[in-house]
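Visitor: Now for the letters of each chain:
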Amino acid sequence: MMESSALIQTIRDIVQRHNKMPTRLLQILREVQDSLTWLSAEAINAVAGELGISPDKVRSVATFYSFLYTEPHGSYDILFSDNITDRMLGNRELLHYLSERLGVEINSTRKDGLVSVGTTSCTGMCDQGPAALVNGYALTRLTKPRLDRIVGLVNAKTPLEQWPREFFEVVSHIHRADILLGRHFADGAALRAVLKRGPDAIVEEMVKSGLRGQGGAGFKSAAKWISCRNAPGEVKYVVCNADEGEPGTFKDRVLMQDFADLVFEGMTVCGRVIGARQGFVYLRGEYRYMVDALKATLQSRREAGLLGEAILGDPGFSFDIDIHLGAGAYVCGEESALIESLEGKHGVPRIRPPFPTTHGYLNQPTVVNNVETFASAAKIAVQGGDWFASRGTAESKGTKLLSLSGDCERPGIYEYPFGVTVRQVLEDCGAKNPQGIQMAGPAGHMISEKLFDRRICFEDLATGGSFMVFDHSRDILDGIRNFAHFFVHESCGFCTPCRVGTSLMRDLVDKVHTGHGTRADLEEMRKLGQIMRVGSHCGLGQTAPNPVLDSLDQFPESYERRLRSTAFEPAFDMNAALEQARWLTGRTDPDAYLDEEILQGAMP
Amino acid sequence: MIESKLKVATCSLCGCFGCHMSLLDLDERLFDLAEKIEFDRSPLTDIKELGECDIGIIEGGIANVENVHTLLEFRARCKVLIAMGACAISGGVPAMRNQYELKDCLEESYTRGTGLVDAQIPNDPEIPLLLDQVHPIHEVVKIDYFLPGCPPSADAIWTFVSQLLAGQPITLPYTQIHYD
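Respectively, the protein sequence lines represent chains S and V.
Numbered per the working numbering, the first sequence spans residues 131 to 734.
Numbered per the working numbering, the second sequence spans residues 340 to 519.
Think of the hints as simulated: they come from the structure by calculation, not from any bench.
We treat Cβ as the ideally placed atom computed from N, Cα and C, and that holds for glycine.
Hints are supplied without guarantee of correctness; some may be wrong.
[Unchecked claim] To be clear about the criterion: a stretch of chain V counts as covered by chain S if any three or more of its residues have a C-beta under 8 Å from a C-beta of chain S, and this derived list gives those stretches:
#1 430 to 443
#2 459 to 465
[As the list claims (entries may be wrong)] Derived DSBU-like pairs: lysine-lysine, alpha-carbon spacing no greater than 30 Å straight-line:
#3 V:LYS481 to S:LYS657
#4 V:LYS442 to S:LYS241
#5 V:LYS418 to S:LYS657
#6 V:LYS387 to V:LYS375
#7 S:LYS274 to S:LYS287
#8 V:LYS442 to V:LYS418
#9 S:LYS150 to S:LYS326
#10 S:LYS241 to S:LYS274
#11 S:LYS326 to S:LYS350
Based on the sequences and whatever the hints tell you, model everything.
Guide: See below:
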C-alpha cells in the first residue's frame, strides 16, 4: 500500500484530470483503483475530499459496481466470464485449473496479494470463449496451455503490456451482412446529408424508415428524437447505450470495434436534429480493451472536421463525444440507470415518467439509443427512410444483428432483414440437432423446437440480438440455473420483488436442480415469477423470471424428471444443519439426528 | 344433535408467545370463536398430545430438533396449517443469529459470559440440539396460509379466522397489514 501522502497526491492528480467534476466519479474511481488495486477507506475519503462530496456518496458508488473493490485485491485481477455459453465451452474446468496452478482459492486473493481469481457475468465473447478479463482487459479462447503461460506471466509479475497480443485478440466473426454491415459507408456522408437537407428532412426520413430501438425494446426512434427535439431546454444530450450486458449479446462489440465511425456519425446526426452539442458513449466495462482505439477514432474525426467545433465548416454545427466506461453492472443497460451512472452515481433505475427525452442527463432532454440504432440512423440519413423500410416486415423495418453462440458450427454475427424464421437462422449457423434457443438473452424467451417457425421481429419474437443455441446433449436446466444466479448477482437491490424474488427463485431452481424439488416447488416458482413480473420497479426484475416461466411451459420434462415423488421436501438438509451442534456438544444420542425416515414419515 | 366443532391446535416454536398474546387479545370474541371451534393441543389448553385436527396454527420459526419434530407432527395431523407472525414466516428476531456461527453464539452465552463456574456448552440429551441456522417453517413443511405481523393484531387474526371458518378467500384490509 502506498504512503499516505503519495496516495493523496495520486488521487489529487486523477481528480484534477477530471476537472473535479462529481459526474466523473465512476471514471475517477476506476482510475484510482488502477493505481492502487483497490479502494481503501482512505482512498475513498481522499476522493470525497478532493471532489467536495460526502464519503458516503463515494462509498455508495464504490460498493455498487462489480469491478470496483473495497477490500484488498490482487494486482492481477482475473475474472472468468461465467455465461452458460462459456460453461458449454468448459470454463469451469479452466477456472479450477487456473486457481490450482496459481495457488489461490476461487473468489479470493492470494496471500501475497499478487493475484485474485473469480467469475463475472457474460463478457460478450461468447463466439470466442471460454473468455475472461484480466484487470478489465478481455482474454479470449482460453485453453490449459494458455493458462499455463498466464500463470508464468503473473508469477513473474510481467506487466500486461508485455503479455502476448494474441491472448487479447478479439475477432469480429461477421457471417452474414446486409444493408448495415454490408454496404460501404463514406465517413461524413450522413453529416453532409443533414447539412444539405436540414434537420427537418432527416426527421422525416427517420419517420419513414420506421426504425425501432435495436436494444430490444423497440420504441420508435423517430418518436424519441422528435420528443427530445421539442422538449424545452437549452442544453440537450445524445447518449449511445453501449452497455451491452445481456448475456449472449456481442453485436455492439463488433459495431464499436469495426464500425465506430458509423455509430459516431449517427450520434452526430442525432445531435444536429435535436440540438445537442454533447454526446456520450456509455461503454460497458468489459469492452475496456477498445477505449484507446475509440478515442483515436474520435480524434481523427475531429481532425477531419466531422466532430467538434464547426463540423464541415458550419459554425452552427458543433458536437463532441466523450467515452464513459461502465464497471460491471447489468442494470445500467436500462436507460435511466445508465443516465444515473453517467452522472457519477450508483446505477438505480429512475421512476418513469418523466422519460429521458424530457428529463435525462442532468435532468436535461436526452436521447438514449442503442449502438445499432445510431448506426442505422446514419445510413438512413444518407439512403433515405424508404430505402431502409423496403426491408423487414410491416411493423419491423430494416435489419437486425443477431449474436449467435452456443451449439452451432459458426458462432458470430448474422445480419438479417426482420422477419427471418428461427429455423433459417439455425440452418445458416450450422446448428445440428438444436433442442432450444434462449432468445434475447436471459431476460428474453426460451423457445423449443415447436416454435422454430416463428419469425424474428417485434410482431412475433422481439430480440435485442442474443441467440444462444442448446442442442440435445445439453440439460436445459443447467442454463436456467445459470440465468437464475445471474439475476441475483445483477439485481440492483432497490426494490423488494426483484432483490428478494431473484434470490428465492435461485433457491428454488437450485433445489430442483439438485434433485430435492417437488411439484409444490414448481407451483411456487410460477407464483413467485408472477409477483416479480407485476411488482418489480424496472425491466430487470420484470423479466428476471422469464427463463423459469418459459422453460416450465416449453421444457417441463427437464424439471419433472428431477422431482421427488413426495408432495413436499424441506429446503435444506436438516440433519447436516445439526452437524455443528453435534460437534460442539459431542452428542451422539438418537435425538442428535434427524433421519430421513422420520422426516418422510411425517410428510402428508 | 350438535354440529361438530372444528378442531384447532396451536403452538409456539422459536417465538416469543407474542402471537399467542395477540390471539388472547380477541377478548370477548373468544366466546364467539368457542361456538365454532374446539382447541386441541395449545398453550391455552395445556393439552400435550396432538390429536387429529382441522386447523393448526404455528407461531415461531425452526431453531432446534424439537421444533422440527413438533412441526412435522402438526403437518401430519392438521388438514390446514397456518404460519402466524414474522418468526414463522421468515425466522424473525431469532434468525438474527444466522449471521454468526453457532459456535460463536453458544460460546458467547456459555463460556465467555461473566460469573460462570465450570463454563461449558450444555450437552444434556434432554436439551434439544440447535440447528446451525433458524429457518422459516415453510422451508420444512408445506404451509397453506401465511398471516403476517409481529405480532398480527387481534383484528387481523379475527378477520383471518372468520374468513377461513366461513370458507371464504382470505383478504385482509390494508389497515390490518401495515405496521407503521
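Visitor: Hint compliance check: list the failing hint numbers for this structure, sorted ascending.
Guide: Numbers 8 and 9, in rising order.
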